[in-house]
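Q: Sequence:
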Amino acid sequence: MSGTELFTLVAVFFLTSVISLVTGSTSLITVPVMIALGIEAHVAVATNMLALTFMSMGGSLPFIGKGVLSRSRLLPSIVLTIIGSGLGALLLLTVPLKALQITIAVAMIGVAIFSLLNKNLGQASHDVPASQLGVVAGYAATFVLAIYGGFFSGGYVTMLTAAFVLLFGMTFLQAVATTKVINVFSSGVATVVFVWRGVVDLKVGIILGVSMFLGALLGARIALFLSTVWLRRIFVAAVLGLAVRMLWLMR
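Numbering follows our numbering, with no gaps: position 154 of the sequence shown is 154.
Hints are computed from structural coordinates only; laboratory data are not their basis.
Heads up, some of the hints might be wrong.
Stated by the list, open to error - Pairwise CB distance ranges (calculated):
no., residue 1, residue 2, range
1, Leu202, Pro76, 28 to 34 Å
2, Phe7, Leu75, 38 to 44 Å
3, Pro96, Val195, 19 to 25 Å
4, Thr4, Ile206, 29 to 35 Å
5, Ser131, Phe7, 30 to 36 Å
6, Ala137, Glu40, 34 to 40 Å
7, Gln132, Lys98, 17 to 23 Å
8, Val106, Thr8, 22 to 28 Å
9, Trp196, Arg71, 20 to 26 Å
10, Ile64, Lys98, 39 to 45 Å
11, Gly3, Ala137, 33 to 39 Å
12, Ile207, Val68, 40 to 46 Å
Every residue gets a Cβ at the ideal spot worked out from N, C-alpha and C, and that includes glycine.
Whole structure, please, built from the sequences with the hints as guidance.
A: What follows is the structure, given as structure tokens:
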């Protein structure tokens with residue numbers, strides 16, 4: 001990888017981590033950019049997962065001690081996430097390259113549509129007590145999404161945040177804070193599996209991870225001062241553009 005390509009990746013990873021507190025779905029941009037620069041898809045997903053671990057830690061720190069974490073849901077969700085993410089990471093290593101590329105492209109389009117259809121998600125509070133059925137469904141969604149999170153992660157936190165708001169009755173702020181902490185375990189467990197199987201570019205992953213850690217720290221402090229409407233529009237446009245490009249290259 002040339003110095004110019006590495007600089008491009010650092011810039012992309014930093015900028016996406018800055019806005020990811022509001023938009024989520026960082027991997028839907030970072031992984032396709034890595035693939036576009038010639039990195040094999042499995043290595044791109046695995047190396048991106050290492051960087052995400054750094055970003056999740058950076059994004060979690062501003063919420064620690066602020067009283068916004070849903071502690072009653074946190075520990076069970078972490079346990080389910082550790083199991084599910086490990087299964088998802090092992091699943092990724094068995095998937096053929098083209099099938100993985102198609103999965104990524106479909107996930108990109110699906111989450112972009114989800115974001116367009118849920119324009120108010122993240123702007124209004126949903127502080128509604130969860131029913132027993134909602135709690136069970138919430139934990140089931142946590143486990144299923146954890147498998148996907150360990151497999152690819154693109155859109156994982158976005159969908160998990162929505163599930164926590166709709167099923168657990170959390171406010172958006174609670175859901176964002178709680179899912180950021182959970183994602184440390186999701187990406188961390190998957191990274192351990194990928195390093196064990198030798199598919200992570202450790203040097204590139206650590207450099208990008210530091211960039212994302214700093215970006216997440218900055219994003220957690222400035223995101224509330226930016227227009228969520230425009231951030232979401234920029235995100236959706238970028239994701240759709242990259243998805244179309246990936247599908248075009250697979251013809």
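Q: Taking the hints in turn, state whether each one holds.
A: A quick look at each hint next to the structure:
At roughly 32 Å, the beta carbons of Leu202 and Pro76 sit within the given window of 28 to 34 Å. A hinted range of 38 to 44 Å holds for the C-beta pair Phe7 and Leu75, which are about 40 Å apart. Checked against the hint of 19 to 25 Å, the C-beta distance between Pro96 and Val195 comes to roughly 22 Å, which is consistent with it. Against the hinted window of 29 to 35 Å, the Cβ-Cβ separation of Thr4 and Ile206 comes to about 19 Å, which falls outside the hint.
At roughly 50 Å, the beta-carbon separation of Ser131 and Phe7 lies outside the given 30 to 36 Å, and the hint is violated. At roughly 37 Å, the beta-carbon separation of Ala137 and Glu40 lies within the given 34 to 40 Å, and the hint holds. Our hint of 17 to 23 Å for Gln132 and Lys98 is violated, since their Cβ atoms are close to 43 Å apart. Remark: the range hint 22 to 28 Å for Val106 to Thr8 is upheld by a beta-carbon distance near 25 Å.
Between Trp196 and Arg71 the beta carbons are some 31 Å apart, a value that contradicts the proposed interval 20 to 26 Å. In this structure the hint that Ile64 and Lys98 lie 39 to 45 Å apart at CB holds, the actual value being about 42 Å. For the pair Gly3 and Ala137, the supplied restraint of 33 to 39 Å is violated, since their beta-carbon distance comes to about 49 Å. The given range of 40 to 46 Å is broken by Ile207 and Val68, whose C-beta atoms sit roughly 31 Å from each other.
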